[in-house]
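In order, the protein sequence lines correspond to chains A and B.
All the letters of the first sequence, read from the start, carry residue numbers 1 to 114 under the numbering used here.
All the letters of the second sequence, read from the start, carry residue numbers 115 to 225 under the numbering used here.
Don't read these hints as lab results, they were simulated from the structure.
Bear in mind the structure is a predicted one, so any value in this text is a computation, not a measurement.
Treat the hints with care, since some could be wrong.
Unchecked claim - Quick partial rundown of chain B residues pointing at chain A, CB under 8 Å, derived from the structure:
#: 1; residue: THR163
#: 2; residue: ALA167
#: 3; residue: GLY218
#: 4; residue: THR222
Unchecked claim - Listed next, with one range per pair, are the computed distances between beta-carbon atoms:
#: 5; chain 1: A; residue 1: ARG20; chain 2: B; residue 2: PHE160; range: 32 to 38 Å
#: 6; chain 1: A; residue 1: GLU18; chain 2: B; residue 2: GLU129; range: 19 to 25 Å
#: 7; chain 1: A; residue 1: ASP56; chain 2: B; residue 2: ILE224; range: 40 to 46 Å
#: 8; chain 1: B; residue 1: ARG175; chain 2: A; residue 2: GLN50; range: 35 to 41 Å
#: 9; chain 1: A; residue 1: GLU63; chain 2: B; residue 2: PRO194; range: 43 to 49 Å
#: 10; chain 1: B; residue 1: SER134; chain 2: A; residue 2: THR101; range: 46 to 52 Å
#: 11; chain 1: A; residue 1: ASP56; chain 2: B; residue 2: LYS177; range: 19 to 25 Å
We put the beta carbon where it would ideally sit given N, CA and C, even for glycine.
So you can see what is in the structure, the chains are spelled out below.
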Amino acid sequence: NAGVMQNPRHLVRRRGQEARLRCSPMKGHSHVYWYRQLPEEGLKFMVYLQKENIIDESGMPKERFSAEFPKEGPSILRIQQVVRGDSAAYFCASSPALQGTEAFFGQGTRLTVV
Amino acid sequence: EDQVTQSPEALRLQEGESSSLNCSYTVSGLRGLFWYRQDPGKGPEFLFTLYSAGEEKEKERLKATLTKKESFLHITAPKPEDSATYLCAVQAGAGANNLFFGTGTRLTVIP
């Protein structure tokens, strides 16, 4: 039973380019969450999705960031026109349908903007 | 506003020296408190979920407890492989599924 799969593990982008981060949840999990971890800071919630629906995007920056979880395929976190401050580790987590259950995390994508 | 505070920020222990990590929280409507372990360059690894005051859970050298205001992660006779950052997170509020994390305690166990 594969865990949460994220790719790429490392991504380098120049300022102004687009970054696409992918996440495949654990088998049987229909809920996906994205978190961002800045150096020396805690994990910060960004967005919560179910298939074809954004449930809670209260942690997403208003501009340049978007997320989707299509009917088929992985969840995608998209960052347009990246800036140096976007450099961080981005983690995806998934959980089963029940509230209050634990979320399992992927290994993260480390984005570096140069 | 929800708050999760972990202490200490960093802890160095000799192998075999037991200790406790603290996670204090101020949230509305706690639905669950979660402990994770994170190794450098890796994603958080789930350890425990606690749902109500008085609850305790154990796994190998780790034991997590919960009161109405805080949780403790007790480490008994730690080994060097227990070195990691330990993260506490809460799930709170009606309908909320996301986790609110503390900044973690970085544990180093010296052989």
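Comparing the hints with the structure gives:
Using the Cβ-Cβ criterion of 8 Å, the hint placing THR163/B at the interface with chain A is satisfied: the shortest such distance is roughly 5 Å. Interface restraint check: ALA167/B against chain A, minimum CB-CB distance 15 Å, threshold 8 Å, status violated. For GLY218/B, the shortest C-beta to C-beta distance to chain A is roughly 7 Å, which falls under 8 Å, so the interface hint holds. Below 8 Å, beta-carbon pairs count as interface contacts, and THR222/B has none with chain A, the closest being about 16 Å; its hint is therefore violated.
A C-beta distance of roughly 27 Å is found between ARG20/A and PHE160/B, which places it outside the suggested range of 32 to 38 Å. The given range of 19 to 25 Å is broken by GLU18/A and GLU129/B, whose C-beta atoms sit roughly 48 Å from each other. At roughly 42 Å, the beta-carbon separation of ASP56/A and ILE224/B lies within the given 40 to 46 Å, and the hint holds. Distance hint check: the CB atoms of ARG175/B and GLN50/A are about 37 Å apart, consistent with the given range 35 to 41 Å.
For the pair GLU63/A and PRO194/B, the supplied restraint of 43 to 49 Å holds, since their beta-carbon distance comes to about 45 Å. Range check, SER134/B to THR101/A: about 26 Å between beta-carbon atoms, so the 46 to 52 Å window is missed. Between ASP56/A and LYS177/B the beta carbon distance is about 33 Å. The supplied range of 19 to 25 Å is therefore violated.
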